[in-house]
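S.K.: Please build the complete structure, drawing on both the sequences and the hints.
Number of protein chains: 2
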Amino acid sequence: MKEFFKVTDLDKVLEYASSFPQAGTEKVSLFECIGRVLAVDIYSDADLPGFARSTMDGYAVRASSTFGASEGNPAYVNVKGAIAMGETPSFSIGPGEAAKISTGGMLPDGTDSVAMIEHVGQIDDMTIEVYKSVAPGQHIIHADEDFRKGEKILGSGSKLRAQETGLLAAFGIDSVEVYKKPVVGIISTGDEIIPVSEEPGPGKIRDINTYTLSALVKQNGGDPVVYGIIKDDFQLLLETCTTACKNSNMVIISGGSSVGTRDFTIDVLNSIPDTKVLVHGIPISPGKPTILARSGNMSVWGLPGHVVSAMVVFEVVVKPFIKNVCGLSPETGNIPELSAVLSRNVPSAHGRIDFIRVRLVEKEDTLYAEPVLGKSGLINTMIKADGLIKVDENTEGLDKGGMVSVMPLS
Amino acid sequence: MKEFFKVTDLDKVLEYASSFPQAGTEKVSLFECIGRVLAVDIYSDADLPGFARSTMDGYAVRASSTFGASEGNPAYVNVKGAIAMGETPSFSIGPGEAAKISTGGMLPDGTDSVAMIEHVGQIDDMTIEVYKSVAPGQHIIHADEDFRKGEKILGSGSKLRAQETGLLAAFGIDSVEVYKKPVVGIISTGDEIIPVSEEPGPGKIRDINTYTLSALVKQNGGDPVVYGIIKDDFQLLLETCTTACKNSNMVIISGGSSVGTRDFTIDVLNSIPDTKVLVHGIPISPGKPTILARSGNMSVWGLPGHVVSAMVVFEVVVKPFIKNVCGLSPETGNIPELSAVLSRNVPSAHGRIDFIRVRLVEKEDTLYAEPVLGKSGLINTMIKADGLIKVDENTEGLDKGGMVSVMPLS
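Residue numbers (the numbering used here), protein chains in the order written: chain F, 1 to 410; chain U, 1 to 410.
If you are wondering where the hints come from, they were derived from the structure by calculation, not from laboratory data.
Hints are not guaranteed to be accurate.
Note that the list lumps identical chains together, so a pair holds whenever it fits in one copy or between two copies.
Calculated lysine-lysine pairs in the DSS-like style (CA-CA distance at most 27 angstroms, straight line) [to be verified]:
| hint | residue 1 | residue 2 |
| --- | --- | --- |
| 1 | K246 | K375 |
| 2 | K149 | K375 |
| 3 | K375 | K100 |
| 4 | K180 | K152 |
| 5 | K218 | K27 |
Computed from a predicted structure; not experimentally measured.
M.R.: Here it is in structure tokens:
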């Protein structure tokens with residue numbers, strides 16, 4: 001029997017992720033920063049909102065002027081004026097007085113709350129009756145209630161979502177230091193692989209991995225650079241790998257499905273200066289023949305040639321490395337997995353982790369994970385799949401009806 | 001008491017979504033199509049893979065040549081040659097014969113299966129022994145097993161993920177007809193709103209909604225176009241809205257927090273030719289004063305000025321409309337909600353749907369939804385939130401410990 005290779009447990013492989021540095025930082029405008037990863041901590045330079053604001057349309061009052069008020073026994077209050085939006089009130093309010101105010105208006109001195117317009121009746125131009133007592137602080141936001149001056153408002157390593165861009169806007173920050181998108185070189189190998197534009201003769205297959213891997217890199221915050229299809233030739237692969245290593249923050253080689261090429265990739269990696277193979281084989285299925293090397297301070301991957309295997313390895317192994325190079329702190333940006341009920345038994349082998357493609361189906365308010373049947377060489381199984389479930393190495397399978405965690409395939 | 005407005009139930013509002021047309025279609029290259037929505041059905045023009053392929057490294061055989069083989073009683077088979085990757089085998093295989101083959105190699109005529117290299121011993125250059133019988137079809141993919149010629153491989157309205165780009169590549173489709181990204185005009189209103197670049201005096205607040213809404217539009221497949229901040233002035237708002245309506249596939253106006261502006265927005269919409277207000281008020285919290293109008297064949301929104309209210313309304317009301325205009329079929333692109341255990345009681349009022357911001361926390365393998373405390377005017381509550389939960393109009397709240405569905409805020 002042929003000796004395969006000495007595998008490295010998935011956990012151990014993932015531990016390497018944090019040993020690769022980020023790709024540097026750059027400043028981007030607030031309109032461009034959505035989805036990017038903050039490279040600095042950000043502190044507030046002022047209180048937010050900076051002044052006490054009404055959160056309702058109504059009348060700014062001293063709460064004590066309304067205590068005990070009810071429909072049957074309203075509080076009568078003199079209207080001293082109206083607050084214009086965006087302006088500082090020119091007058092202050094005493095007991096038994098009120099100022100008309102809109103949502104977002106600045107409270108005048110002497111007031112501590114707002115009586116909602118729905119709880120107020122107008123007697124004449126100067127007088128209102130309040131039907132419901134208000135509590136101090138009710139229907140207002142204090143000057144420093146959202147954020148206080150000097151507070152850390154966002155931390156380095158956090159992903160900028162819509163609300164974070166809004167927060168930066170609130171503090172007048174119109175450009176922000178983020179981690180650079182890592183440049184990821186993509187290389188397809190194999191004598192059987194032809195470009196998408198060509199008509200495949202017998203035995204040939206069009207290049208799929210360049211497209212799926214580029215798309216996955218983009219979706220995960222990287223910037224794919226395509227090096228095309230390299231034939232199973234040591235010298236060609238060495239030259240392309242060397243160039244890719246010089247110009248990237250990560251390199252992904254896929255293919256090497258032939259026995260010869262698998263050795264090429266290892267040999268090529270060993271021939272590039274300052275490069276060391278760290279992992280050759282991971283006990284996962286699909287994806288066992290995965291290679292991880294360190295070249296300088298970046299990671300170089302050898303992924304299986306089959307599209308499904310390459311995609312699964314990307315999802316479960318490469319992704320945490322890209323996240324780290326993108327600067328994402330380990331806690332952020334992790335979509336929690338979905339809980340679903342397994343719709344059929346899934347057999348599995350001891351000693352390896354199986355990743356099973358599943359479709360998510362909702363029936364009568366219950367979410368089911370239906371294993372997608374079909375060989376792992378078939379791309380149709382990935383088209384049908386909404387996610388992956390993991391079957392641990394210490395089990396011989398999962399039972400129908402049990403709860404499983406589903407990693408979504410976005 | 002002031003009459004507020006006649007509200008429209010959320011379900012009814014969402015029914016309008018499908019009544020607005022898509023933004024047209026365009027052709028994009030395969031490298032640019034990730035995340036876009038397919039505008040045509042796609043049929044295969046050939047079988048995939050197009051030839052019978054090995055899925056393992058080993059020996060292509062007639063399965064019958066190995067029947068009964070075991071470690072103790074191996075089958076002896078003559079090796080007739082080796083299959084080069086990407087080439088048509090020049091010979092055929094008969095009973096008791098084999099050809100060396102790599103993963104992805106083309107099966108020679110006369111074979112129906114592959115004996116894995118791990119189950120084979122080499123006797124000499126011409127002879128192997130097979131230690132395990134293989135079944136017909138084992139370790140191979142048939143010529144039409146992935147897709148058959150003439151089959152519908154992708155449907156109009158589906159979102160192109162990594163695997164769909166790979167499938168298009170497999171069929172040689174290097175550019176594809178997708179729905180155009182809808183242009184969404186963004187208008188911020190309010191006398192209290194100042195540009196991000198300015199220092200806010202008392203009573204003023206920087207423009208947040210332009211950034212959060214632009215980001216949400218982008219994340220959901222639209223192309224935001226910013227019209228800036230419009231003061232509370234009928235004529236100015238009318239002019240800007242008219243321009244935006246001419247040049248967009250959807251318009252979102254936020255603000256109108258003052259009583260005056262709320263009426264402006266309605267009046268402005270009623271003054272634009274071929275425009276009709278469909279909805280003025282939805283019994284949801286936050287977000288009650290939401291406006292929806294139809295202008296020509298597009299939707300125009302009046303969202304609340306408070307950032308949290310505007311974001312929640314976007315998530316629960318506007319998003320389904322954007323998805324429809326993007327061409328997404330209603331079944332696709334819906335991330336299933338996450339199930340979590342509610343960590344505390346949530347009170348709620350009868351007769352309206354409450355959307356509560358929650359943080360997701362995993363403790364001992366259980367996912368908890370922790371309501372984020374704080375007024376809905378505070379952006380910090382959205383920064384802390386990972387998702388929203390819905391409290392129905394027919395309940396007075398949710399109990400601690402119950403299961404809730406969480407809509408993730410990406």
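S.K.: Please go over all the hints and tell whether each is borne out by the structure.
M.R.: Hints versus structure:
1. For the homomeric pair K246 and K375, neither the shortest alpha-carbon distance inside one copy (37 angstroms) nor that between copies (52 angstroms) is at most 27 angstroms.
2. Taking identical chains as interchangeable, the C-alpha atoms of K149 and K375 lie at most 27 angstroms apart only when they sit on different chains, with a minimum of 19 angstroms there against 59 angstroms within one chain.
3. When the C-alpha separation of K375 and K100 is checked against a cutoff of 27 angstroms, the pair qualifies only between copies, where the shortest distance is 21 angstroms, while the shortest distance within a copy is 71 angstroms.
4. In this assembly of identical chains, the alpha carbons of K180 and K152 lie at most 27 angstroms apart only when taken from the same copy (23 angstroms versus 40 angstroms across copies).
5. For the homomeric pair K218 and K27, the shortest alpha-carbon distances inside one copy (20 angstroms) and between copies (20 angstroms) are both at most 27 angstroms.
Hint compliance for this structure: hint 1 alone is broken.
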